[in-house]
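Residue numbers (the working numbering), protein chains in the order written: chain D, 32 to 463; chain C, 298 to 757.
Calculated directly from the structure, the hints in this document are not laboratory data.
There may be inaccurate statements among the hints.
The calculated SDA-like cross-link candidates involving lysine to any residue, where the alpha carbons are at most 20 Å apart (straight line), are [said to hold, decoys possible]:
| hint | chain 1 | residue 1 | chain 2 | residue 2 |
| --- | --- | --- | --- | --- |
| 1 | C | LYS641 | D | LYS88 |
| 2 | C | LYS302 | C | ASP593 |
| 3 | C | LYS364 | D | TYR69 |
| 4 | D | LYS93 | C | LYS302 |
| 5 | C | LYS531 | C | SER609 |
| 6 | C | LYS364 | D | PRO134 |
| 7 | C | LYS641 | D | LEU128 |
| 8 | D | LYS93 | C | LYS390 |
| 9 | D | LYS93 | C | ASP593 |
| 10 | C | LYS641 | D | TYR69 |
| 11 | C | LYS644 | D | LEU66 |
| 12 | C | LYS330 | C | ALA410 |
| 13 | D | LYS88 | C | LYS531 |
| 14 | D | LYS88 | C | LYS644 |
| 15 | D | LYS88 | C | LYS302 |
| 16 | C | LYS644 | D | SER92 |
| 17 | C | LYS644 | D | GLY129 |
| 18 | C | LYS364 | D | ASP70 |
What follows is each chain in one-letter form.
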Amino acid sequence: MTFKERVAPVRRDPLAEETPAFTPNEALLEANRCLYCYDAPCIQACPTHIDVPQFIKKIASKNLIGSARTILESNLLGATCARVCPVQELCEGACVLGHEHRPIAIGRLQRFAIDSVTKDLFKPRPPSGKTVALIGSGPASLSCAGELAKLGHEVTIFEKKSLPGGLSTYGIISIREPIDIAVEEARMIERLGVRFEFGIEAQIDDLVGQYDAVFVGAGLGGSPQLGIPGEEDILDGLNYIEASKVDLNSVPVARHVAVIGAGNTAIDCATIAKRLGAETVSIVYRRSEEDMTAYAHEVSFAKNEGIRFDFHSQPIRVLSEDNGVVGLECCRTEPGGLDESGRPISHPIPDSNFVMQVDQVIKAIGQVKHLHRLDTERGFIKVDVNYQTSQRSVYAGGDCIRSHGSASTVMAVQDGKLAAMAIDRQLRGSNG
Amino acid sequence: MADLKTNFAGISSPNPFWLASAPPSNSGHQVHKAFEAGWGGVVWKTIGAPVLNVSNRYGAWHLGGQKMLGINNVELISDRPLEDNLREISEIKRAWPDRAVIVSAMVESTPEAWREIVHRIEDAGADGIELNYGCPHGMSERGMGSAVGQVPEYCEQITQWVTNVAKIPVLVKLTPNVANIVGPARAAIAGGAHGISLINTLNSITGIDLDTFEISPNIGGKGGHGGYAGPAVKPIALNMLASVANDESIRASGVPISGMGGISNWSDAAEFLALGATSLQVCTAVMHYGFRIIADLCDGLSNWMDAKEIKSIEEFRGRSLHRLSTFQDLDLNFKAVARIDPDKCIKCNLCYIACNDTAHQCIDLVSVTGQIVSPGLDFQSSGKQAAIDGRPTPMVRESDCVGCRLCYNVCPVESCIDMVEVPSGRQPKTWAELSNELPEVSHDWNAMKRYREANGIRIH
Ligand SMILES: Cc1cc2nc3c(=O)[nH]c(=O)nc-3n(C[C@H](O)[C@H](O)[C@H](O)COP(=O)(O)OP(=O)(O)OC[C@H]3O[C@@H](n4cnc5c(N)ncnc54)[C@H](O)[C@@H]3O)c2cc1C
Ligand SMILES: Cc1cc2nc3c(=O)[nH]c(=O)nc-3n(C[C@H](O)[C@H](O)[C@H](O)COP(=O)(O)O)c2cc1C
Ligand code: SF4
Ligand code: SF4
Ligand code: SF4
Chain D
32 MTFKERVAPV RRDPLAEETP AFTPNEALLE ANRCLYCYDA PCIQACPTHI
82 DVPQFIKKIA SKNLIGSART ILESNLLGAT CARVCPVQEL CEGACVLGHE
132 HRPIAIGRLQ RFAIDSVTKD LFKPRPPSGK TVALIGSGPA SLSCAGELAK
182 LGHEVTIFEK KSLPGGLSTY GIISIREPID IAVEEARMIE RLGVRFEFGI
232 EAQIDDLVGQ YDAVFVGAGL GGSPQLGIPG EEDILDGLNY IEASKVDLNS
282 VPVARHVAVI GAGNTAIDCA TIAKRLGAET VSIVYRRSEE DMTAYAHEVS
332 FAKNEGIRFD FHSQPIRVLS EDNGVVGLEC CRTEPGGLDE SGRPISHPIP
382 DSNFVMQVDQ VIKAIGQVKH LHRLDTERGF IKVDVNYQTS QRSVYAGGDC
432 IRSHGSASTV MAVQDGKLAA MAIDRQLRGS NG
Chain C
298 MADLKTNFAG ISSPNPFWLA SAPPSNSGHQ VHKAFEAGWG GVVWKTIGAP
348 VLNVSNRYGA WHLGGQKMLG INNVELISDR PLEDNLREIS EIKRAWPDRA
398 VIVSAMVEST PEAWREIVHR IEDAGADGIE LNYGCPHGMS ERGMGSAVGQ
448 VPEYCEQITQ WVTNVAKIPV LVKLTPNVAN IVGPARAAIA GGAHGISLIN
498 TLNSITGIDL DTFEISPNIG GKGGHGGYAG PAVKPIALNM LASVANDESI
548 RASGVPISGM GGISNWSDAA EFLALGATSL QVCTAVMHYG FRIIADLCDG
598 LSNWMDAKEI KSIEEFRGRS LHRLSTFQDL DLNFKAVARI DPDKCIKCNL
648 CYIACNDTAH QCIDLVSVTG QIVSPGLDFQ SSGKQAAIDG RPTPMVRESD
698 CVGCRLCYNV CPVESCIDMV EVPSGRQPKT WAELSNELPE VSHDWNAMKR
748 YREANGIRIH
């Protein structure tokens, strides 16, 4: 064997799951560190209010089945949440050990508990004779469907895509959640008795009347238009991430990449481009670092990855030649008055144009809202405290109702769970 | 630097730390290594009657990820030939003249057997001999070990046989498996013992294997009680040490005590010394971490003594003994209440639930705005900020606090809860005094009630 052969790097999946699973020993040590707080703040911070100290103590006592059940009783998508939750802002951010020590690694412990248990932990109640249809198979619908199935209702999910899981499957970068995890989690929901119909773009009106209740968990749509010349040469960030999850080889690799946007999706796109071998990756944003909607821990993660940030830069046009993109023309901006979200409006500075030499441009500037016949608030479906829409028997949850605050998987799970309870109350005749 | 030199019944050692008679002192090779590391002395693994050992001889008790808070063993005395042990003992003593070399022994309960072993130990050059009256398994079934230690008459008799023939100091090592350890201690002294060692191991079963229902450790499908030692037994050892050290007649005899049972670090050691031990023996902590722990034992003890301006062990030895009391001589009017330092409190609220579920319901939860609030979470909100901002702080209602000290014991933050002495407004009064003045309070609740009312004693 030559020296060169020996030092050749081991080929590994550039987007393999980043956080390693706890070994049983690590999990035990970490679980034993938890203080078992009373009315623990981590429970309060978790949007699904998982009894965190309880599930952690059950890991410590090696009661893993009990631990997994404690998690899943509050959050059927515990496996996904354990990986994708912005724990710094949620449970771990509230841990009483965070101040002087390291907070408990709640997410990783949750993952350990769920992954250790392979058997199904819930037995559905006897059939109620009631039927519910759900639109979409993202976290909101899966959670809602699972809870309804546990309560004995006959549940059908309609999903326009070919795999279940919504953004967990197609949108969340593999280093955080590999596609198999999301799909396997949906199978667990299926084993509770939920039926899945794939490749069907369902319409609310077709379902109402056919089913005793309908839940809309359709999420949001694709990326909006930037409205700049050459936009047809820009890659859609969501499609780009989807390709990286479904078929890594289909992702177009470039040397110099510009990502337009300032949220977590922009950071995910930039991370994929970088890991696939781009030499430079720049996030282009018209406002300042403070105005970014991405979490602070995501921004520092991106900086560690070697991703550059071009703030106060507004894309104006994509420059292309015969064999593709050759640059992104931008201009400089300066802050002005505040917009409705309380962030400063950016004004282009005249004669400040410059060209970034890039051969790929990706946009990650949010998602458009689906059009519905239901009442909306700022484009999102309007619901009451019971997650009921303006139409009786039609409920909604997840990203499609999230008119305020940042959308996350765990919030969608909570919506689905609470909506299921409200639907159950209605179906059993105890809900107004 | 403080002086750690120790003189125990005429046996001197550069520091008070001796290896206890146990696996760490099983051979010359090991003792040599221990002395190189700095140990002040050794009590050689018990030699004597021929034995055979079993496998899976150590069990242990672990808690919360902490390994071996207690170790349990069904090991017998040394299973190495007597000649090998004696030869190595004399080699060690020659190589290490400044260290204490004491040899533990246990033989059949006859004067001849004891005379024989005493002579051989003396011939090897040992500084002292320790009579093992403690081994709670195996040897006891053969009429040795704790079978002797549990019967003061045997204890005195055998000690007498040994002291009649021995020219070197004789220590008697006591078993804790008795109702009152003072009896055997007095008996040993009556038999002429020059020193007392305590404690040996406690009868114990460490657990059951829930897959197989075997007793742990499993010895060919069986198991049984073994001798228990290590950090978990320290409080028991301290109590036995104190009761022996404080016994009038034992005190008057001036016989020194070698204390052991759960010593793991220098502060444990200082506590044994403060309760009257003259030398200290260590087994489990060495079995867990090796001979190197001697570094912290010596260094920590001497740094603490320096900080306290204590120059020698004799200066503080037994300093806490005069505080030892029985309940009836405690001041009933001494009052302490818990006080929480809100700057140190991390709001785990363990004190709250401990007090409210199991003590006297006198810790309140106070909101950021100073309102007393009910426990419970608000499931309408989530996120780190809501969880942190909305979290109430525990606060002791001092007027109702009975000073039980439970919250202090559960608080995970160092010196966050303080037990503060507060004036009770009453003169000191012990139960002995009270029941002497008002005998009826000890059997009549109405009398007790009148007494409480007259003295403003309100119990929450
Ligand atoms: C790139 C990206 C990264 C993210 N990373 C994280 C993260 O790390 N952590 C986190 O907590 N959150 C993250 N999120 C947010 C999180 O993914 C969403 O909040 C969550 O998936 C919302 O769940 P949902 O069920 O409401 O919608 P979705 O997950 O969007 O699912 C909606 C589903 O409905 C289907 N559908 C829509 N219309 C129809 C129809 N008419 N008929 C049939 N099916 C239909 C869609 O195909 C889709 O499968 C991320 C989001 C994005 C875009
Ligand atoms: C495995 C083991 C074997 C022991 N063997 C003996 C022995 O042969 N003779 C003896 O007097 N004590 C023996 N002991 C008791 C110790 O000397 C000591 O009294 C006891 O372990 C308490 O001290 P520690 O808490 O530091 O371990 C043994 C203890 C253990 C753990
Ligand atoms: S679901 Fe998410 S926020 Fe809730 S405890 Fe688990 S990791 Fe934390
Ligand atoms: S706040 Fe931290 S220490 Fe307390 S229960 Fe939750 S995870 Fe455990
Ligand atoms: S136990 Fe200690 S740290 Fe925890 S809430 Fe009480 S005082 Fe605060």
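Hints, verified against the model:
1. LYS641/C to LYS88/D: violated, 25 Å
2. LYS302/C to ASP593/C: Given that 20 Å is the threshold and the Cα spacing comes to 16 Å, the pair holds.
3. LYS364/C to TYR69/D: Judged against 20 Å, a Cα distance of about 26 Å means the pair is violated.
4. LYS93/D to LYS302/C: Since the Cα atoms of LYS93/D and LYS302/C sit roughly 48 Å apart, the hinted pair is violated (cutoff 20 Å).
5. LYS531/C to SER609/C: violated, 24 Å
6. LYS364/C to PRO134/D: violated, 23 Å
7. LYS641/C to LEU128/D: Holds. LYS641/C to LEU128/D sits at ~12 Å (cutoff 20 Å).
8. LYS93/D to LYS390/C: Violated, at about 50 Å.
9. LYS93/D to ASP593/C: violated, 35 Å
10. LYS641/C to TYR69/D: Judged against 20 Å, a Cα distance of about 17 Å means the pair holds.
11. LYS644/C to LEU66/D: Distance of about 11 Å is within 20 Å: holds.
12. LYS330/C to ALA410/C: Roughly 32 Å between the alpha carbons, so the hint for LYS330/C and ALA410/C is violated.
13. LYS88/D to LYS531/C: violated, 27 Å
14. LYS88/D to LYS644/C: Judged against 20 Å, a Cα distance of about 19 Å means the pair holds.
15. LYS88/D to LYS302/C: violated, 47 Å
16. LYS644/C to SER92/D: Violated, at roughly 24 Å.
17. LYS644/C to GLY129/D: Holds, at roughly 12 Å.
18. LYS364/C to ASP70/D: violated, 29 Å
Hint check: violations occur at hints 1, 3, 4, 5, 6, 8, 9, 12, 13, 15, 16, 18; the rest are consistent with the structure.
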